[in-house]
Every structure is written in C-alpha cells, then in structure tokens.
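Engineer: Letter by letter, the chains look like this.
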Amino acid sequence: AQTVTQSQPEMSVQEAETVTLSCTYDTSESDYYLFWYKQPPSRQMILVIRQEAYKQQNATENRFSVNFQKAAKSFSLKISDSQLGDAAMYFCAYRRTQGGSEKLVFGKGTKLTVNP
Amino acid sequence: DVKVTQSSRYLVKRTGEKVFLECVQDMDHENMFWYRQDPGLGLRLIYFSYDVKMKEKGDIPEGYSVSREKKERFSLILESASTNQTSMYLCASKPGGNTEAFFGQGTRLTVV
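Line by line, the protein sequences give chains P and B. At position 38 of the first sequence (counting the first as 1) the number is 131 in the working numbering, and the numbers step up by one without a gap. At position 51 of the second sequence (counting the first as 1) the number is 60 in the working numbering, and the numbers step up by one without a gap.
Incorrect hints may have been included.
Unchecked claim - DSSO-like mimics (lysine-lysine), calculated; alpha carbons at most 30 Å apart, straight line:
1) K79/B to K27/B
2) K201/P to K64/B
3) K66/B to K22/B
4) K12/B to K171/P
5) K22/B to K12/B
6) K62/B to K79/B
7) K12/B to K64/B
8) K204/P to K62/B
9) K79/B to K204/P
10) K201/P to K22/B
11) K148/P to K22/B
12) K27/B to K204/P
Hints in this document: simulated from the structure, not taken from any laboratory.
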C-alpha cells in the first residue's frame, strides 16, 4: 500500500523568508500524481500545487515550487517570500494514475506558522 | 466555481444515535469521498464512491456506511455513534481522470 510521510509536524518561518516542507512517499508504481494541499483555519482544503511523476521538471505556482526527486521518493514544497496568509496546515498527497482508483492518500500534515 | 457543500459545520450528537452527514457537489463529478481528519493522523479515507450506488471501503470503514442515490449527493452514516467518532469529517469530489479533488468545509462532529 502507498504511504505518505511528513516528518515535520510543525514549522515556522519569518515573513518574507523561504521555508521548505518535506514529504516522502512509498510506492511501487511508476506513474502517479503528487499534490500539496493547504488547509487554513477556515478548514477549506485548497490545492497548492501538483506534480506528475512522469514529468522531470519541477512544478511551480507563483511563490510555491516543489523539489521532486523520483528516485528518492521525495516531494518537498518550497514557499518563497512567505506571507502571513500562508499560515496553515499543509498536506502532501499521492494518487496513482493506473488501476482506476481515484483515492488520495494523505500525509499527517505540517502546521506552518508565519511570524511577522 | 466548483462547490462542495457539507450540511453542517458543527454537530453534537449523543452516543448511540444514528448520524447522517450530507455532502452535495454541483459539478457533476463522478467521484466522491469521505475523509476523517484527526490531529497528528492527517486525513484518512473512510469510503469513496465512483458512481451512483457504487462505493468502496477506504482505510477506516468500521462503524460507518455510505449512501449515494444521486450523483450529486454522498451521505456518510454513523449507525450508532460512539465517542471515538468525535472528529472532523471532510467530503471531497472530483471528476474522472487526472484532476484535482475539491473539498467541502468540513463537519466537526462531537459525540457525547
């Protein structure tokens, strides 16, 4: 079974600085998707960024980028120029692309605090 | 915009009650999911449905059942609520294929 591990239960960063959240996963599949979701205090889960495993280029969305290391099964999220609104729980998630299963497997989350 | 609506944000029920959590999506998505979120445990999949009247167990189905009579509505049922089912429940929906899932705002259920 696939598993997703986030080893940092909590992280903090100063406003305007850069922070990296870690995620590793375990799978025997060769093709899959990886996601980072953000959950602010409002509880609304929002997709931050996604990466397709067959694409070698790291995904980027404005201040958010990933470092995808397929061989190491690592998928970290870098937030540049951190803003107060980035404070939230961040969840890493995995989804296989073959076999018809649409389910997402989530890590336990990292709580990010942004200090002014 | 895709909208996933959960019927209650907060719910308090008594032990032994039958509890219904409702979720409605407005984008004709085939797939719908119920997750349970607990501190330190992340999101764990309870059940999901890939079509009307079709369902599959997730990782923690014990004590729960689901119903999907119409495509837009996916209900989570606690047959006999227990205090260990006190939790945050998140509903999600997604179309088929390699697309993102959209989440509701969650229902915080307390069983007393």
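Engineer: Give a verdict on every hint.
Structural biologist: Comparing the hints with the structure gives:
1. Between the alpha carbons of K79/B and K27/B the distance comes to roughly 21 Å, so the proposed pair stays at or under 30 Å and holds.
2. Between K201/P and K64/B the CA atoms are separated by roughly 25 Å; this keeps the pair inside 30 Å, and the hint holds.
3. Simply put, K66/B and K22/B have alpha-carbon atoms about 24 Å apart, close enough for the 30 Å limit, and the pair holds.
4. Note on K12/B and K171/P: the hinted pairing holds, with a Cα-Cα distance of about 28 Å set against a maximum of 30 Å.
5. Taking the CA atoms of K22/B and K12/B, the gap is about 26 Å. The hint holds against a cut of 30 Å.
6. Between the alpha carbons of K62/B and K79/B the distance comes to roughly 8 Å, so the proposed pair stays at or under 30 Å and holds.
7. For the suggested pair K12/B and K64/B, the alpha carbons sit about 21 Å apart, so the restraint of at most 30 Å is met.
8. Of the supplied pair hints, the one linking K204/P and K62/B is violated, its CA atoms being roughly 37 Å apart against a limit of 30 Å.
9. Our distance criterion of 30 Å between C-alpha atoms is broken by K79/B and K204/P, whose separation comes to about 36 Å.
10. Of the pairs offered as hints, the one joining K201/P and K22/B holds, with about 27 Å between alpha carbons and a cut-off of 30 Å not exceeded.
11. For the hint linking K148/P to K22/B, the alpha-carbon distance of about 47 Å lies beyond 30 Å, and the restraint is violated.
12. A threshold of 30 Å between alpha carbons decides the hint, and for K27/B with K204/P the separation of about 33 Å lies outside it, so the pair is violated.
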